[in-house]
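Can you build the whole structure from these sequences, using the hints too?
Each chain, written out:
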Amino acid sequence: MDAMPKWAEVILIPLISLILAFFLSGLVILAIGENPIRALQIMISGALGSTYGWGYTLYYATNFIFTGLAVAVAFQARLFNIGGEGQAALGGLGVALICLYIPFPHWTMALPAAILGAAIFGAFWAMIPGYLQARLGVHVVITTIMFNFIGASILNYLLVDILRPPTSMNPATARFPDATNLPSLHDVLSVVGIPFSRAAPANISFFIAILACIVIWVLIWHTRLGYQIRAFGQSESAAKYAGISPEKIIMVTMLISGGLAGMMAINNVMGEAERLVQNAVEGAGFIGIAVALMGRSHPIGVFLAAILFGFLYQGGAELSLETSIPSDLIVVIQALVILFTGALDDMVRAPLKSMFLMFRKPEATPKAPKPAE
Amino acid sequence: AEPAIIFDLGGKFDKSFNEAAFGGATRWAEETGNTFREIELQSEAQREQALRRFAEGGSNPIVMTGFAFADALTEVADDYPDTSFVLIDMVVDKPNVRSVVFNEHEGSYLVGMMAAKASESGTVGFIGGMDIPLIRKFACGYVQGVKAANPDAKVIQNMTGTTPAAWNDPVKGSELTKAQISQGADVVYAAAGGTGVGVLQTAADENILSIGVDSNQNHLHPGKVLTSMVKRVDNAVYAAFTEGPGLEKGFQVMGLNNDGVGYAVDDNNATLVTADMTAAVEEAKAKIVSGEITVHDYMSDNSCPVN
Amino acid sequence: MDIFITILQILDSTLRLATPLLLACLAGLFSERAGIFDIGLEGKMLAAAFMSAAIAFVTGSAWIGLAAGIGASLVFSLIHGLASITFRGNQLISGVALNMLALGLTVLIAQGWFSQAGRTPTLIGDARFTSLTLPFAETLSVIPILGPIYKELISGHSILVYIAFLMVPVTWWVLYRTRFGLRLRAVGENPAAVDTAGISVIWLRYAAVMICGVLCGIAGTYLSTSIQAGFTDNMTANRGYIALAALIFAKWRPWYALGACLLFGFFFAIDNRFQNISLYAWLAIALLILIAALLFFAARKSRLDMFVLGTLGTISAAIAILIWTTNGLAGSVVIPGQLMQSLPYVLTVVILAGFVGKATPPKAGGEPYIKER
Amino acid sequence: MANPETKGRPDGAVPSIELRGISKSFGPVQANKDITLRVMPGTIHGIIGENGAGKSTLMSILYGFYKADAGEIIINRKPTTIPDSQAAIAAGIGMVFQHFKLVENFSVLENVILGAEDGGLLRPSLAKARKLLGELSKEYELNVDPDALIEDIGVGMQQRVEILKALYRHADILILDEPTGVLTPSEADHLFRILNGLKDEGKTIILITHKLREIMDITDTVSVMRRGEMTATVKTSETSPEQLAELMVGRKVLLRVEKRPAQPGAKVLEVENLRVIDEKKVERLKGVSFNVQAGEILGIAGVSGNGQSELLEVLGGYQSATGTVRVNGQDIDLTGRFSDGQSRRARGIAHVPEDRQREGLIMDFTAWENTAFGYHNDPKYSKGLLMDNDALRRDTEEKMQRFDVRPPNCWQPAKSFSGGNQQKIVLAREIERNPDLLLIGQPTRGVDIGAIEFIHQQIVALRDQGKAIVLVSVELEEILSLSDRIIVMFDGQIMGERLPDQTNEQELGLLMAGMKGQAA
Ligand SMILES: Nc1ncnc2c1ncn2[C@@H]1O[C@H](COP(=O)(O)OP(=O)(O)OP(=O)(O)O)[C@@H](O)[C@H]1O
Ligand SMILES: Nc1ncnc2c1ncn2[C@@H]1O[C@H](COP(=O)(O)OP(=O)(O)OP(=O)(O)O)[C@@H](O)[C@H]1O
Ligand SMILES: [Mg+2]
Ligand SMILES: [Mg+2]
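Residue numbers (the numbering used here), protein chains in the order written: chain W, 304 to 676; chain U, 16 to 322; chain F, 22 to 394; chain C, 11 to 530.
I should point out that these hints are in silico values taken from the structure, not numbers from a laboratory. Relax, there's no trap hidden among the hints.
Chain C is nowhere near these chain W residues, computed Cβ spacing over 10 Å in every case:
(1) K309
(2) I314
(3) P317
(4) I319
(5) I405
(6) V494
(7) V495
Counterexamples of contact, computed for chain F against chain C with all Cβ distances above 12 Å:
(8) S82
(9) D147
(10) T346
SDA-like, lysine to any residue: derived pairs with alpha carbons at most 20 Å apart:
(11) U:K109 <-> W:S471
(12) C:K393 <-> W:I523
(13) C:K77 <-> F:A213
(14) F:K392 <-> C:Y76
All C-beta atoms, glycine included, are put in the ideal place defined by N, C-alpha and C.
In structure tokens:
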């Protein structure tokens with residue numbers, strides 16, 4: 304049926320799009336008087352050239368996997384959850400409260416509790432928008448935008464006035480007890496004898512993110528609930544016919560989505576900062592939208608897109624460290640990558656398709672020659 | 016060795032103290048003809064990353080702007096005993112760290128007095144960026160100054176927002192100013208980064224006085240900015256760069272006594288600052304330096320005696 | 022009289038705050054009514070804010086600045102059109118990417134051109150749109166009530182404010198009274214109907230996207246050259262997202278858009294004015310009663326209501342009790358400033374839930390028009 | 011009928027449409043292969059063919075909606091290129107698509123003028139159009155309320171709007187793609203009167219349909235398409251339905267349903283005083299009572315929009331209602347809010363919905379995923395917490411085999427099957443549940459005759475197994491030939507009950523129009 308082999312669709316198109324984006328970025332870099340080739344080298348070697356680079360890349364990717372999955376799950380039910388930012392922030396609060404106020408003897412006990420706390424708080428923050436959508440049809444896009452702002456206010460209040468240690472300038476909680484500190488990738492991998500940089504913030508949460516991808520994949524494509532979520536997303540009228548309750552599906556999906564966004568906190572709050580700081584989410588909720596859409600709302604796609612964004616973040620940081628390229632340019636590069644790989648991919652696909660068709664025509668079933676006119 | 020500076024998340028163009036720090040660094044570079052390394056952070060995780068990278072790359076000293084670095088520095092400092100670190104706005108007690116803190120409340124106290132004296136309505140305003148302890152420290156010092164000059168004066172306080180956008184929302188700053196004006200304020204003090212641009216602009220448009228912050232902002236609207244509460248982050252950076260790797264470590268308080276904070280008078284606002292004002296403010300300054308007056312520091316007990 | 026003046030001032034502030042929202046909202050309305058979703062309003066405004074200020078500074082003319090601002094916004098519109106109309110890409114991704122692109126590019130170019138810390142120099146004189154005093158504002162101000170209303174509220178705004186409010190009837194007229202409007206609305210509902218009626222879907226959608234660009238251009242210009250005197254980094258401060266919320270709130274209709282934007286403006290004005298309000302403990306009690314009513318209502322309906330409203334009720338009850346125990350029964354309760362700041366967003370959610378309900382977007386919205394696959 | 015070549019105007023010898031060597035591929039699928047067609051002015055030309063034969067594609071090319079890969083179009087002796095619909099309209103072609111191209115929330119008037127406005131302002135165009143519409147309506151008996159919204163009017167009315175659209179644009183050539191698929195017999199008769207009127211004015215009409223009776227009744231010439239090729243063009247007067255059916259399907263088709271007399275058993279479904287008030291607060295069912303026994307087919311006739319759809323929805327469990335419904339003697343809860351479909355299925359009720367694309371199938375799901383649709387909770391398809399997709403696929407393949415779904419590929423998405431095959435997928439799913447009660451809405455809408463034959467056989471076979479069947483259809487012929495008992499609905503009420511061998515289309519038609527007195 305398809306004009307193009309699958310590998311072209313999955314690998315070739317994103318690759319060419321990526322090259323186009325980098326080419327354009329190169330022009331911008333050239334315009335500000337830096338060497339684009341060197342910049343690319345720095346980005347690649349800085350993000351992927353050492354376990355240290357990978358450590359950062361994977362750390363960012365972990366954040367994006369969670370927020371990306373959150374958006375992707377909601378998208379399967381055609382719900383557009385832009386509230387990842389707020390949900391992840393509340394998830395951070397859940398992690399902080401659990402780590403600060405429950406005396407854990409060991410991280411193995413703290414981790415499941417923290418995951419639960421993060422997920423519950425995140426889910427709670429998605430619950431009200433979900434409820435309003437399910438019951439009253441209030442558009443989830445507006446309510447989640449509003450809840451991002453409300454969440455920021457609540458966190459600001461709690462961090463400045465309630466949770467901040469009295470002498471600290473920083474609107475952040477106290478440091479979590481050492482027993483709650485998660486092992487880094489260095490700690491984990493050295494057990495199996497793989498040397499890994501000690502300095503990088505990537506931690507065991509990365510594996511939990513991978514696990515989350517698998518669980519979500521199973522959930523969406525191999526469970527009754529996932530089946531119902533997808534069916535509802537494809538056609539609400541058909542879902543009603545099949546006895547799938549729209550209210551239930553909207554609620555459950557939003558809870559799962561919020562929970563996933565909240566779980567990002569185990570990586571950045573528990574794994575990296577080891578305390579809850581203000582604005583800990585740092586826009587990962589919004590990047591999650593791009594990650595989910597680029598990943599075509601599929602866990603594997605989300606995983607790959609998250610790695611790409613992790614690469615861009617870490618590569619960008621290396622660029623800042625090694626050159627005088629301003630951070631704004633890195634934002635521009637990220638924007639171009641999103642634009643070309645996510646929205647302008649058809650620009651690449653269309654000519655590629657006709658190329659494949661051209662090569663395939665002769666070998667395909669011979670058809671009656673068209674009347675030459 | 017090349018010195019390095021790490022700017023906090025707001026970026027070096029934050030119209031606030033990152034920008035002041037950047038100013039100090041460039042001044043040093045221009046005067047000495049040397050170069051320095053710099054990075055603008057984009058995420059929390061980069062704090063430690065940047066510190067380690069610069070330290071491993073041989074940069075010395077390494078200056079960082081902002082209280083948020085305290086944690087990362089505490090972890091990193093011991094690993095690089097031969098590198099000097101300078102932390103601005105927060106204290107880290109390590110042998111190779113210089114901590115520079117500013118008595119913003121003292122400077123704010125002085126401009127508060129000036130605001131009260133310049134005000135005809137007896138109502139003055141304060142506009143902060145995000146509601147964080149540092150800004151409350153500014154506000155508390157300011158209110159004390161206002162009340163010292165005019166016990167009956169009223170201070171209207173506003174914060175801009177709860178997300179990082181609060182530091183960059185001149186339009187909201189402008190509206191807050193208008194709201195304060197409509198409540199009678201005729202002098203407004205902005206401690207709000209980029210948002211302050213809008214505050215000063217609107218004050219000038221509406222013909223009331225404003226007070227700038229961090230760097231000398233008198234020139235932005237000559238004759239309309241009463242004064243600026245200068246916080247000489249630039250000097251701190253300049254000094255650190257000049258002293259080089261062997262800089263003196265320990266705890267440095269930049270206050271009125273060593274001109275670390277103060278109020279700015281120049282050609283742009285000379286006509287606004289009356290002799291009476293100067294006299295009163297200079298007297299208070301002397302008393303603060305001598306210890307006769309203590310300005311309450313919000314951070315000491317997380318509360319402000321007046322508001 | 023004092024209260025009257027205060028109300029006038031708040032309304033005055035409402036108008037100013039509503040203006041950029043309204044322009045962006047109407048911009049989004051044109052685009053989305055034609056079936057092209059646009060979460061890139063923010064980016065277009067930002068690009069326009071920068072370019073208008075830059076050019077106004079260089080030329081000394083606010084009007085040339087306006088043209089330049091519109092031009093910059095149009096370039097972004099064109100990219101969005103290219104991605105979502107010509108290349109049938111994902112409209113949401115394109116919007117996200119353009120927002121980021123604007124964020125980075127504006128500062129980068131500003132720094133390159135002016136070397137003033139990513140800002141434009143301050144605009145003075147004719148480089149800025151100043152407020153207009155309408156005729157007879159002074160003379161008429163002696164008339165009680167109406168006089169002050171005319172002078173304080175209606176007169177004394179920048180021309181762009183009047184343009185913005187004029188755009189509401191204009192938009193209505195264009196949409197509902199012209200051939201172009203008929204076609205535009207049709208293409209957002211059923212592009213196939215438009216296509217088979219012999220009209221080009223592509224051009225119609227491009228036209229809508231371009232109009233969106235023009236209006237966003239005015240909105241951005243208003244921010245930097247009218248209410249402010251120059252560009253600063255990220256000065257749109259999420260207004261594009263609020264405008265998007267207002268658009269959904271308004272159910273994609275021009276007069277409703279006016280209402281929604283005024284309402285948002287009003288909430289923000291109230292918040293600016295009364296940030297430090299203190300409530301009395303009996304308000305906390307009123308809250309408790311409200312919660313009880315909520316629970317009672319929930320108990321009579323489905324399990325879903327029980328679950329959600331019950332959770333909410335429990336949490337609010339806990340907070341109310343906390344307030345009560347810490348402040349004493351009769352004392353005044355100071356609502357933390359941070360929480361007051363979230364009031365506009367909370368009120369929006371409440372109003373949406375209570376009065377607005379379901380909003381149905383244009384049917385073909387968000388989907389590229391594809392004749393054959 | 012008279013010789014179509016010479017009928018009509020004196021210049022009738024010149025074909026008004028001539029297609030030469032039209033070819034069109036969608037990717038690897040060749041929908042049209044080297045097609046040649048001539049149609050004379052003042053005639054009605056029928057096109058028939060199996061689902062997916064390429065009829066709609068050919069007409070869409072003529073209307074400029076698709077572009078042909080090769081071939082020539084000659085309109086009134088002029089070679090014409092039709093790159094878009096604009097050009098087609100200019101060449102005097104109008105088309106009524108199978109799936110109407112109307113803007114749902116626009117008024118009739120707005121839909122008619124869309125794209126044919128004169129001047130930039132609407133008001134004068136609307137006024138002019140209103141007048142013209144009035145004249146057209148009168149001239150062709152096309153009565154429509156110009157201010158009604160499309161979403162509020164029935165399909166029959168919507169179709170008139172489509173025809174008015176074409177006439178408003180001065181179309182001389184009118185193409186209708188399966189126009190009667192959604193119409194009642196009386197509406198269809200009305201349509202044909204209109205078409206005959208248009209023909210008498212010298213207009214050229216192309217009619218695509220699956221109903222051979224219509225071809226025989228109204229067309230002058232007829233073409234048969236098969237697998238993208240034009241296999242025959244004949245004069246209608248010189249052919250027979252049997253011959254056409256054979257040309258179409260490539261084998262002999264049984265045009266009549268063969269069934270034994272019913273042997274009704276116990277009451278399976280009892281409905282008493284059923285009332286439905288919809289979201290718009292309109293009373294859709296006004297106290298309906300009837301019952302169905304095991305081993306019988308109850309046909310429900312009626313013009314669409316008279317409550318049959320709501321009746322099916324209530325019984326299917328996604329419309330709340332008041333009254334009593336008993337299945338196998340047990341009461342069913344009717345208050346559930348859209349979530350009761352599952353318990354209905356558990357009670358042995360299966361449901362083939364009227365609109366397979368909106369309700370019966372998820373168009374983007376694969377065939378095997380659609381097989382679980384509504385039965386996703388069935389233990390047969392589950393493996394612990396997970397769904398047993400392998401079992402599901404095996405099951406689907408088996409069903410596809412038994413129901414002769416083409417192509418029998420369970421990985422293909424539902425949308426890529428032809429209408430008839432989509433219907434078979436739904437039927438296979440519902441019938442194979444071995445339900446006690448089967449609800450079927452419009453089983454053969456838009457389906458070709460080969461598939462109709464098969465579907466009818468399946469329904470009768472199920473009845474013979476002793477199942478109760480409720481059949482809703484607007485096709486009186488279908489109702490009459492399948493049902494063992496017929497009730498007629500009008501305006502939410504039952505107008506009467508008849509036995510198929512004691513009634514006829516005329517009597518049912520009157521009942522459907524709400525005229526009880528005359529009919530009784
Ligand atoms: N938009 C499209 N994209 C891809 N393939 C298409 C498209 N439309 C039709 N086809 C292919 O062309 C073939 C002919 O389709 P067409 O719609 O012309 O059939 P038809 O004769 O009208 O069938 P029906 O009786 O079901 O209406 C189909 O089998 C299908 O494979
Ligand atoms: N987008 C598409 N991609 C592939 N095939 C398509 C597509 N659209 C239509 N088709 C094919 O075109 C043929 C006819 O489709 P058409 O749109 O006429 O609807 P239909 O299946 O006949 O439905 P109906 O039951 O309403 O007659 C079908 O065989 C279908 O497989
Ligand atoms: Mg067809
Ligand atoms: Mg069909």
